[in-house]
Amino acid sequence: MSLPVNPPFAPMEAQTKPALPKGSAWQYEPKWDGFRCLVFRDGDEVHLQSKALKPLERYFPEIVAAVKALEPKQFVLDGEIVVPVDGHLSFDDLLQRIHPAKSRIDRLAKETPASLIVFDLLAPNGTTSLVDKPLAKRRAKLEEFAAKHLDGHALFNLSPATTDPKVAEKWLKELTGVDGVVAKKLDDAYVSGERAMVKVRRTRTADCVVGGFRWHVSSGKGKERAIGSLLLGLYDGNTLHHVGFTSGFTNQARKDLVKVLEPHMGGPGFTGNAPGGPSRWATERSAEWEPMDNELVVEVEYDHFSGGRFRHGTRFVRWRPDKAPKQCTFEQVHSKGGSVEVLDI
Numbered sequence: 075m076s077l078p079v080n081p082p083f084a085p086m087e088a089q090t091k092p093a094l095p096k097g098s099a100w101q102y103e104p105k106w107d108g109f110r111c112l113v114f115r116d117g118d119e120v121h122l123q124s125k126a127l128k129p130l131e132r133y134f135p136e137i138v139a140a141v142k143a144l145e146p147k148q149f150v151l152d153g154e155i156v157v158p159v160d161g162h163l164s165f166d167d168l169l170q171r172i173h174p175a176k177s178r179i180d181r182l183a184k185e186t187p188a189s190l191i192v193f194d195l196l197a198p199n200g201t202t203s204l205v206d207k208p209l210a211k212r213r214a215k216l217e218e219f220a221a222k223h224l225d226g227h228a229l230f231n232l233s234p235a236t237t238d239p240k241v242a243e244k245w246l247k248e249l250t251g252v253d254g255v256v257a258k259k260l261d262d263a264y265v266s267g268e269r270a271m272v273k274v275r276r277t278r279t280a281d282c283v284v285g286g287f288r289w290h291v292s293s294g295k296g297k298e299r300a301i302g303s304l305l306l307g308l309y310d311g312n313t314l315h316h317v318g319f320t321s322g323f324t325n326q327a328r329k330d331l332v333k334v335l336e337p338h339m340g341g342p343g344f345t346g347n348a349p350g351g352p353s354r355w356a357t358e359r360s361a362e363w364e365p366m367d368n369e370l371v372v373e374v375e376y377d378h379f380s381g382g383r384f385r386h387g388t389r390f391v392r393w394r395p396d397k398a399p400k401q402c403t404f405e406q407v408h409s410k411g412g413s414v415e416v417l418d419i
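Residue numbers for the sequence shown follow my numbering, so the first one is 75 and each next one is one higher.
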């Protein structure tokens with residue numbers, strides 16, 4: 075590709091805060107419940123890039139076709155891929171796209187086509203980069219681009235934006251299909267790979283690496299195997315620390331998890347603090363755990379984080395195949411008021 079902004083190009087990211095910043099310096103946008111996606115078009119060549127810098131074209135052929143059908147032949151957009159189903163955004167249907175079978179992807183692309191919600195314009199043509207321009211100018215250019223090229227297209231939507239914090243608070247409480255609100259400074263340039271935005275989520279969630287798991291107590295010789303709990307990890311630099319667990323699965327889900335985890339069994343597991351350390355409550359059975367290859371990422375909901383770990387069990391929310399394991403850092407919980415102090419356990 076010969077664009078002003080070429081892949082791989084890390085998207086600008088956000089740091090999580092407990093409340094929205096206020097003041098005239100800020101613009102607010104919904105945080106859509108989908109896959110972050112940078113769209114690069116150079117003639118007939120289209121590249122869809124995930125937050126983790128991975129290609130997404132094979133999973134969303136309808137988006138590729140829609141991009142190729144647009145009038146401008148060169149541009150770079152930032153947005154979110156979502157799957158609308160019956161008037162709402164379905165993350166479960168979105169997850170089904172991450173599948174090795176092309177036939178299944180092609181079928182789902184027709185049955186439940188994805189859409190791209192656009193919220194930034196990095197290059198409007200093949201010669202001009204807007205990366206160094208302030209958000210206010212980029213947004214104005216994006217609205218012009220959308221009005222001319224995207225309006226009325228079924229697979230493209232312009233994400234709303236406002237400078238009114240009251241509207242943003244209403245989105246946070248009432249708008250369907252979002253899991254929070256993002257705040258961006260109107261004078262800021264687009265800072266690739268930096269947490270230069272602020273996001274406020276509706277719930278306290280964190281993306282964690284599955285560094286290991288424990289078998290369910292019902293598993294044993296002559297019995298069908300089942301998973302008891304997933305052991306969660308967060309990165310501090312290149313070191314993966316054990317920070318807690320998630321369980322509470324149904325009996326059938328425990329059995330189904332075996333097939334999900336088996337291909338990833340073995341490997342380094344936790345390279346820092348590991349589970350099964352000294353505890354007056356530990357038994358020989360509860361201390362046993364199986365290490366993983368640290369490739370699976372899961373989103374969990376939690377109520378409190380301190381002393382370097384979730385203080386209670388977490389609730390499984392969903393798998394996150396769109397997130398790179400190294401993106402699962404302590405920053406997520408630190409920004410929500412939790413301590414990131416790492417203890418020897």
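To be clear, the hints were calculated from the coordinates, so they are not data collected in a lab.
Certain hints may be false.
Straight-line alpha carbon distances no greater than 30 Å define the calculated DSS-like cross-link-like pairs of lysine-lysine that follow [to be verified]: (1) 142 <-> 184; (2) 259 <-> 96; (3) 96 <-> 128; (4) 259 <-> 125; (5) 142 <-> 222; (6) 91 <-> 397.
Here are the simulated distance ranges between beta carbons [to be verified]: (7) 162 <-> 324: 23 to 33 Å; (8) 250 <-> 335: 26 to 36 Å; (9) 335 <-> 221: 47 to 57 Å; (10) 335 <-> 223: 41 to 51 Å; (11) 333 <-> 187: 42 to 52 Å.
For each residue, glycine too, the CB sits at the ideal point set by N, CA and C.
- request: If any of the earlier hints don't hold here, list their numbers in rising order.
  value: 3 and 11
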